[in-house]
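Visitor: Build the full structure now, drawing on both the sequences and the hints.
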Amino acid sequence: MNSPDPNSAPAEERRPDLIPARMLNEYAYCPRLFHLEYVDGLFADSADTVEGRAVHRRTDEAEDSLPEAGPDEPPAVTRSITLSSDSLGLIAKIDLLETEGNAAVPVDTKRGRAPNLPEGAYESERVQLCAQGLLLQEHGFDCDHGFIYFAASRKRVRIEFTPDLGERTRSLLKEAREASGATAPPAPLVDSPKCPRCSLVGICLPDEVNHLKAVVEGVPPEPRRLVPARDDAVPVYLQGHGMSISKKGESIEIKGNGEMIQRVLLKDVSHLAIFGTNHLSVPVMQALAGRDVPITLFSEGGWFYGVLHGMGLKNVYLRRQQFRSSEDPQRCLDISRHIVAGKISNCRTLLMRNHGDPPRAALDALREHRDLALDAADIPALLGIEGNAARIYFAEFEGMLKPRGNGDGLSGFEFKNRNRRPPRDPVNAMLSLTYSLLAKDLTVILMSVGFDPFIGFYHQIRHGRPALALDLMEELRPLIGDSVVLTAINNGEVGKEDFLVSTAGCAFTEDGRKRFIQAYERRLDTLVTHPIFDYRVSYRRILEIQARLLGRYLEGEIVEYPPFMTR
Amino acid sequence: MRRRYVVTYDVRDPKRLRRTFKVMRNYGDHLQLSVFECLLTRSERILLEEELKKVIHEREDQVLFLDLGSAEGDELPRVTALGARYQPKTVRAVVL
Chain Y
53 MNSPDPNSAP AEERRPDLIP ARMLNEYAYC PRLFHLEYVD GLFADSADTV
103 EGRAVHRRTD EAEDSLPEAG PDEPPAVTRS ITLSSDSLGL IAKIDLLETE
153 GNAAVPVDTK RGRAPNLPEG AYESERVQLC AQGLLLQEHG FDCDHGFIYF
203 AASRKRVRIE FTPDLGERTR SLLKEAREAS GATAPPAPLV DSPKCPRCSL
253 VGICLPDEVN HLKAVVEGVP PEPRRLVPAR DDAVPVYLQG HGMSISKKGE
303 SIEIKGNGEM IQRVLLKDVS HLAIFGTNHL SVPVMQALAG RDVPITLFSE
353 GGWFYGVLHG MGLKNVYLRR QQFRSSEDPQ RCLDISRHIV AGKISNCRTL
403 LMRNHGDPPR AALDALREHR DLALDAADIP ALLGIEGNAA RIYFAEFEGM
453 LKPRGNGDGL SGFEFKNRNR RPPRDPVNAM LSLTYSLLAK DLTVILMSVG
503 FDPFIGFYHQ IRHGRPALAL DLMEELRPLI GDSVVLTAIN NGEVGKEDFL
553 VSTAGCAFTE DGRKRFIQAY ERRLDTLVTH PIFDYRVSYR RILEIQARLL
603 GRYLEGEIVE YPPFMTR
Chain B
11 MRRRYVVTYD VRDPKRLRRT FKVMRNYGDH LQLSVFECLL TRSERILLEE
61 ELKKVIHERE DQVLFLDLGS AEGDELPRVT ALGARYQPKT VRAVVL
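These protein sequence lines are chains Y and B, in that order.
First residue of the first sequence: 53, per our numbering; consecutive thereafter.
First residue of the second sequence: 11, per our numbering; consecutive thereafter.
Hint data in this document are derived by calculation from the structure and do not stem from the laboratory.
For clarity, every value in this text was computed on a predicted model and none was experimentally measured.
The calculated EDC-like cross-link candidates involving lysine to aspartate or glutamate, where the alpha carbons are at most 16 angstroms apart (straight line), are:
no.: 1; chain 1: B; residue 1: K63; chain 2: B; residue 2: D23
no.: 2; chain 1: B; residue 1: K99; chain 2: B; residue 2: D39
no.: 3; chain 1: B; residue 1: K64; chain 2: B; residue 2: D23
no.: 4; chain 1: Y; residue 1: K300; chain 2: B; residue 2: D39
no.: 5; chain 1: B; residue 1: K32; chain 2: B; residue 2: E59
no.: 6; chain 1: B; residue 1: K99; chain 2: Y; residue 2: D320
no.: 7; chain 1: B; residue 1: K32; chain 2: Y; residue 2: E302
no.: 8; chain 1: B; residue 1: K99; chain 2: Y; residue 2: D284
no.: 9; chain 1: B; residue 1: K32; chain 2: B; residue 2: E60
no.: 10; chain 1: Y; residue 1: K300; chain 2: Y; residue 2: E311
Guide: Have a look at this one:
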């Protein structure tokens, strides 16, 4: 392939040749939506888009060819015609076309109800139809009006192609062409009623971005919770022994000892996590890769060592921005300061909330370290501050383990210091596992957002380490990681009998690990109030929001990365 | 955000009946003869309806969707069972 690198061409050449009329509609609706879908290649389905495709499938049965224009041509109805024009730089798929003689009338199908407007339809829809009209004119027809058929109202609305509409269509086309050469998305709409139903609202984060911008510039608007509080799909963990996972229809079947253990519908799986040697069939890999559902791999001992995922490459500009920023020492320092300060703050909060008798000295020292972190001179200094803070924190960790009610004053678990690779006692084994799971979840989310999980800002690039996942994990270690361990111990969900201690270290029993992972998942599913945006979403959703906010910071939309800190 | 549906069907032709069963299996749990319990988002429901419309005969067959409410939260659906036990379907993290 001798074609030049398309990303190095100047802006004029980077633009595509033909803008689809459908994308013109999107641009008129929201320029940012146009950028995210058309330029970044991000697409998310909403119920509306799924329904839209279903409605169009009924009209799309076969593509016809364009009839001739001429004074004696008989009336004809043709469906699903694709027309394009190089001079206009436009391409469109016309759902239905009525022709007679020299005249042509396009009919565009929309899935919704006819809106209550004097013009009969929203501007973005009228512009899309007018674009079809322009193409028909280019192909020799007289075309001065069209119809939009609203499926839900079963109503046809006539749209006149007035000179004003034609002008507007041409000027939007020009703007869209310009916009398709941009590398950064335009700003989000402010407090718009269009946002709640937009299929990309969870990717765009309009209210969150506007809120963070406004915090710097003036009065912050109240963010609405536009993203769903929880994910619809869930992870599937296979951490037993000798299981095999195979595909049956649109579901996966998990068998052990030849017997069926459980069947899970593919539509319900967000990712698969496999521990140790269990068997995975290739059809399952294909099915999951096709749905962009990753498979994460853990060793027998719980070490996160691999990811299998499909080739869905998207959001390339974000990745480039990530690479560039990772080489900018100032950027790395800015992000790292916030990450470490966030972590220390959360450690302090956890001690305050859970320690039997919160030690004043340690709390003050942690506050000091948090402030030092925000002003750290460079990354090595930050590492030192973080290390000190961790020592202070873990020195008080045991005080958060509640004594058991059986009067001997012990929870049954001790914690003297943090040790790992391998962990030497149950509490350390739990900490290692919970951190490993958190790294897995962040890796999965970072990939789905479009980041490369291996290029970090605080953690240096090293073979086998998802540095960016480790970066974003820092402030969440206390809130999700340590908190899960405390809950599991203090609620008696795990006991001494769930661990095997030997000279080789401490490991979970299969049963104990199962219960621990369930406790971890429950924590991720818990709803929490976001300290900045004030709405309630699950911790898992928080992971995604933080990842996307990092993206917004790297793209220059917000001035600093806001770590997640609870009060 | 999922809703809980009981989907029941009456399909006159044996071949269509088998195809209907195969479609339903990809969306929910087989509860009883020609009865499935499904937890569906709006998008999934639309997709299921489209698949069923392709299989069933418009005049001879019938599929009913009974909406048992939101599947979020801890409320149990208003279903009582006589005979064998009934456990409402949930979509939670699976740990095996």
